[in-house]
Amino acid sequence: MARCCRHPHLQLDSRHAVDLIIETVMAHPPGSVTLVPTGGLTNIAMAVRKEPRIAERVKEVVLMGGGYHVGNWSAVAEFNIKIDPEAAHIVFNEKWPLTMVGLDLTHQALATPAVCERIAALGTRPAAFVGELLAFFGRMYQQAQGFSAPPVHDPCAVAYVIDPSVMTVRKAPVDIELTGTLTLGMTVTDFRAPPPPDCHTQVAVKLDQDKFWDLVVDALKRIGEVE
0 MARCCRHPHL QLDSRHAVDL IIETVMAHPP GSVTLVPTGG LTNIAMAVRK EPRIAERVKE
60 VVLMGGGYHV GNWSAVAEFN IKIDPEAAHI VFNEKWPLTM VGLDLTHQAL ATPAVCERIA
120 ALGTRPAAFV GELLAFFGRM YQQAQGFSAP PVHDPCAVAY VIDPSVMTVR KAPVDIELTG
180 TLTLGMTVTD FRAPPPPDCH TQVAVKLDQD KFWDLVVDAL KRIGEVE
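Under numbering that gives the first Met the number 0, the first residue of the sequence shown is numbered 0, with each subsequent residue one higher.
These are calculated hints, taken from the structure and not from any lab test. Fair warning: this is a prediction, and the values are worked out from it, not measured in the lab. Errors might be hidden in some of the hints.
[Unchecked claim] Derived DSSO-like pairs: lysine-lysine, alpha-carbon spacing no greater than 27 Å straight-line:
| # | residue 1 | residue 2 |
| --- | --- | --- |
| 1 | K94 | K170 |
| 2 | K94 | K220 |
| 3 | K170 | K220 |
| 4 | K49 | K205 |
| 5 | K220 | K210 |
| 6 | K210 | K58 |
| 7 | K210 | K170 |
| 8 | K170 | K205 |
| 9 | K205 | K220 |
| 10 | K94 | K49 |
| 11 | K49 | K220 |
[Claimed, not checked] Listed next, with one range per pair, are the computed distances between beta-carbon atoms:
| # | residue 1 | residue 2 | range |
| --- | --- | --- | --- |
| 12 | L11 | R48 | 34 to 42 Å |
| 13 | R14 | E116 | 25 to 33 Å |
| 14 | G122 | R48 | 43 to 51 Å |
| 15 | G122 | S31 | 20 to 28 Å |
| 16 | E131 | A26 | 15 to 23 Å |
| 17 | T180 | A54 | 29 to 37 Å |
| 18 | S147 | H68 | 15 to 23 Å |
| 19 | T111 | T180 | 35 to 43 Å |
| 20 | S164 | G122 | 27 to 35 Å |
| 21 | A134 | P193 | 40 to 48 Å |
In this text, a Cβ means the ideal position worked out from N, Cα and C, and glycines have one as well.
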């Protein structure tokens with residue numbers, strides 16, 4: 000990382016992640032903190048169990064994980080959910096607004112050769128580093144899953160927080176399978192009927208690819224400008 004980014008100037012926080020989440024949410028006005036988990040949901044689940052009041056103070060949870068059609072760690076379960084399905088069950092069943100940016104959406108965010116050319120044209124160290132990562136991921140995804148270009152996952156959730164118009168979302172109840180022999184960790188999404196009035200979950204279904212990649216390229220350009 001040293002060859003592509005500035006040296007870090009922030010110190011690691013000594014607090015446990017659970018306490019950091021709680022203290023951050025409680026220290027800010029209600030509705031001003033958005034949680035954007037891009038991994039397992041263990042810490043957030045523990046935080047809301049330890050301090051239930053954060054559920055009514057968090058503006059929303061926008062997570063990368065799950066999928067209403069396909070999995071990657073099993074046929075139906077995505078990795079971030081499968082590694083701690085009990086935690087996911089807690090997070091999905093809290094009453095905070097929750098947006099699931101799952102594989103069905105992130106598999107639309109393909110780093111095609113044209114995208115990689117745009118990134119390379121920036122000519123900055125961060126852009127070059129990202130290009131190397133995408134080349135590696137491209138080889139791995141092609142070998143493992145037959146993708147013609149690698150999907151990028153976590154940036155999709157962040158992009159939605161920056162500009163919700165980057166994707167189309169659909170409100171629907173989502174719950175987590177906890178007991179299935181073959182389906183543990185599945186994000187069971189019910190599209191059969193209009194969602195109930197108290198539905199607090201929605202799933203991302205369609206990506207505006209041009210707008211998304213414009214955000215990514217612009218971010219890389221800005222990072223390069225402050226090198």
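Here's how the hints hold up against the structure:
1. K94 / K170: Distance ~14 Å between K94 and K170 Cα, so the pair holds.
2. K94 / K220: Answer violated: K94 to K220 is near 38 Å, above 27 Å.
3. K170 / K220: violated, 34 Å
4. K49 / K205: violated, 35 Å
5. K220 / K210: Roughly 15 Å separates the two Cα atoms, so the pair holds.
6. K210 / K58: Distance ~24 Å between K210 and K58 Cα, so the pair holds.
7. K210 / K170: Holds. K210 to K170 sits at ~22 Å (cutoff 27 Å).
8. K170 / K205: It holds: about 13 Å lies between the C-alpha atoms, which stays within 27 Å.
9. K205 / K220: Distance of about 26 Å is within 27 Å: holds.
10. K94 / K49: holds, 16 Å
11. K49 / K220: With Cα atoms ~41 Å apart, K49 and K220 exceed 27 Å; violated.
12. L11 / R48: 34 to 42 Å: Since the Cβ atoms of L11 and R48 sit about 25 Å apart, the hinted range of 34 to 42 Å is violated.
13. R14 / E116: 25 to 33 Å: violated, 43 Å
14. G122 / R48: 43 to 51 Å: Because 48 Å falls inside the window, the suggested range holds.
15. G122 / S31: 20 to 28 Å: violated, 37 Å
16. E131 / A26: 15 to 23 Å: Taking Cβ atoms as reference, E131 and A26 lie about 39 Å apart, which means the hint is violated.
17. T180 / A54: 29 to 37 Å: Holds, since T180 and A54 (Cβ atoms, about 32 Å apart) stay within the stated range.
18. S147 / H68: 15 to 23 Å: holds, 19 Å
19. T111 / T180: 35 to 43 Å: Once the Cβ atoms are compared, 38 Å apart, the range 35 to 43 Å for T180 and T111 holds.
20. S164 / G122: 27 to 35 Å: holds, 29 Å
21. A134 / P193: 40 to 48 Å: Holds, at about 44 Å.
The structure fails to meet hints 2, 3, 4, 11, 12, 13, 15 and 16 from the earlier list, while all remaining hints are met.
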